[in-house]
Amino acid sequence: MDFPNFQLPPGIFTKKPKEPGDIITDLIAEQPSLPVSGSFAGEDTPESAEIQHQTQQLLDYEVKRDWPNYSKLCHPGITGFEPQGHGHMIKGLEFQRFYFEATSTSPHKTLIMDPQVTMLGPDSAVIAYVRICQKLDSASNSIHSLHSNESRVWKRVGGVWLNIHYHKSGISQTTSS
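Mapping to this note's numbering: the sequence shown position 46 is 46, numbers consecutive.
It should be emphasised that the hints constitute simulated quantities derived from the structure, not laboratory data. Bear in mind that the values here come from a model prediction, so they are computed numbers and not experimental data. Where hints are given, some of them may not hold.
What the hints assert, rightly or not - Simulated pairs of lysine-lysine, DSBU-like, Cα-Cα distance not exceeding 30 Å:
1) K109 - K72
2) K91 - K168
3) K72 - K168
4) K135 - K72
5) K91 - K135
6) K91 - K109
Unchecked claim - Restraint ranges, calculated between C-beta atoms of paired labels, are given here:
7) P107 - G159: 16 to 26 Å
8) S140 - P68: 27 to 37 Å
9) S142 - V63: 30 to 40 Å
10) G159 - S138: 16 to 26 Å
11) L136 - W67: 18 to 28 Å
For every residue, glycine included, the Cβ atom is placed at its ideal position computed from N, Cα and C.
Whole structure, please, built from the sequences with the hints as guidance.
In structure tokens, the structure reads:
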């Protein structure tokens, strides 16, 4: 199919100037090219196991509302997209802190299903997974299972893995009694 009158707007493929503190830009700048021998999604390496462990720990801290430990695993300039942001990029930790301070009395547990880790270099990685959250509704004595697709970018800073970016899909729910 031919589109003779279609033209791209000028400058559509030009690079956006780097903003100070843009973590993702810094990460990409530090990794000029992926090594051919790097580990890719699905490969079991000590680093991918460590990323899976750190991600599960981060989610466990979230479930327990353990703000001090959760925030230790996140870069202060973390960025992310999630349904609660209504399409806006979340920057920093204050947005998440609100949810930690809100109270919840229903017991629940979070699982990571089908994690896929890609090492972007020795000190950076991406993990993509399905997050399953099981909650007991004590009022109706039913169990709700929620799931979302999530990805996180991790960067090792001073020997510690920090979550620097995340993306969460909308949440789907099923109920069983």
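*Looking back at the numbered hints, which does the structure fail to meet, lowest number first?*
7, 9, 10
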